[in-house]
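Residues 244 to 477 in my numbering are what the sequence shown spells out, letter by letter.
Hints may contain errors.
Once the Cα atoms are required to be at most 30 Å apart in a straight line, the calculated DSBU-like pairs of lysine-lysine come out as [as the list claims (entries may be wrong)]: (1) K472 - K268; (2) K439 - K304; (3) K368 - K425; (4) K425 - K439; (5) K304 - K425; (6) K425 - K268; (7) K439 - K368; (8) K439 - K472; (9) K304 - K268; (10) K439 - K268.
None of these hints come from the bench; they were simulated from the model.
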Amino acid sequence: MLEVRDLHAAYGDAPVLFGASLSVKEGEIVELVGSNGAGKTTLIRCVTGLLRRRRGTIEFKGDRIETHPAHEVVDRGIACVPEGRQMFPSMSVEEHLLLGSYLRRARSRRAENLSRAYELFPRLKERRRQEAATLSGGEQQMLAIARALMSEPRLLILDEPSLGLAPVVVGQVFRTIAEIRKLGMTILLVEQNVQKTLRMADRAYVLESGRVTLTGTGSELLGNDLVRKAYLAL
Numbered sequence: 244m245l246e247v248r249d250l251h252a253a254y255g256d257a258p259v260l261f262g263a264s265l266s267v268k269e270g271e272i273v274e275l276v277g278s279n280g281a282g283k284t285t286l287i288r289c290v291t292g293l294l295r296r297r298r299g300t301i302e303f304k305g306d307r308i309e310t311h312p313a314h315e316v317v318d319r320g321i322a323c324v325p326e327g328r329q330m331f332p333s334m335s336v337e338e339h340l341l342l343g344s345y346l347r348r349a350r351s352r353r354a355e356n357l358s359r360a361y362e363l364f365p366r367l368k369e370r371r372r373q374e375a376a377t378l379s380g381g382e383q384q385m386l387a388i389a390r391a392l393m394s395e396p397r398l399l400i401l402d403e404p405s406l407g408l409a410p411v412v413v414g415q416v417f418r419t420i421a422e423i424r425k426l427g428m429t430i431l432l433v434e435q436n437v438q439k440t441l442r443m444a445d446r447a448y449v450l451e452s453g454r455v456t457l458t459g460t461g462s463e464l465l466g467n468d469l470v471r472k473a474y475l476a477l
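Using the sequences and the hints, build the whole thing.
So this is what it looks like as structure tokens:
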């Protein structure tokens, strides 16, 4: 579904990615593992059209998209839940969800998708008239995920979905990701909780200093000594 090959990217004169490559097959959960500054978010920004790569190719469902602007990438079926959730503080929960369904193909099924979002996140239905600024961190993360799903994506990218959340809420977020996967969603996941996510990932890539240095199934990397020492503190 997604093929990233030999991706190079930089911010101004500061290079960040040095030939990174990865693939995500339909129906998979693929995790991108790496320390802060490794280039994970930069890779995501390139895939979603928010940053122009210097070199390399990005294909989605067989079509090259590396030169497409962000709105065209979303229209093709890629939705991203960004790190930090990126809420509009004064907008209500339901306004955020309706905003997520602005694409033509999603507008026609807006009511159906809204109902599905509320089934997946009952708390949001209870809070649907509340402003986003009044929600807890966990509720905001639920809203960010639900907003992305309203666009009917084929690939959902999650960038640090548990960042800053209480442990009990983190468990709820991961249960939700598992439920979304059961619906047939393909997921590319960047997450600091490596141990938990490797258990649910089909495959994973380790990104170090802008380069992919290791790849394998989730269970293979969970048992890898280098991964255990560097990311699991074991």
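Given the hinted pair K425 and K268, is their Cα-Cα distance within 30 Å?
holds (15 Å)
Review point. Under the criterion that the straight-line Cα-Cα distance not exceed 30 Å, is the pair K368, K425 satisfied?
Key: holds (22 Å)
| field | Pair hint K439 and K268, alpha-carbon separation not exceeding 30 Å | value | Roughly 21 Å separates the two Cα atoms, so the pair holds.
Just to be careful, I want the Cα atoms of K304 and K268 compared with a cutoff of 30 Å; is the pair within it? Status holds; Cα separation ~10 Å.
When you check the alpha-carbon spacing of K472 and K268, does it fall within 30 Å? holds (28 Å)
Hinted pair K425 and K439, Cα distance within 30 Å: Within the cut-off at roughly 17 Å; holds.
* Asked: Has the given pair, K439 with K304, been kept, meaning a C-alpha gap of at most 30 Å?
  -> holds (29 Å)
### Message
Hinted pair, alpha-carbon criterion (30 Å max): K439, K368. Please report holds or violated.
### Response
Holds - the C-alpha atoms of K368 and K439 are around 28 Å apart, at most 30 Å.
Requested in this report: Measure nothing beyond the straight line between the CA atoms of K439 and K472; if it is 30 Å or shorter, mark the hint as holding.
Outcome: Answer holds: K439 to K472 is near 15 Å, not above 30 Å.
- Item | Restraint check for K304 with K425, where alpha carbons must lie at most 30 Å apart | Distance of about 21 Å is within 30 Å: holds.
In the structure shown, no violation is registered for any of the earlier numbered hints.
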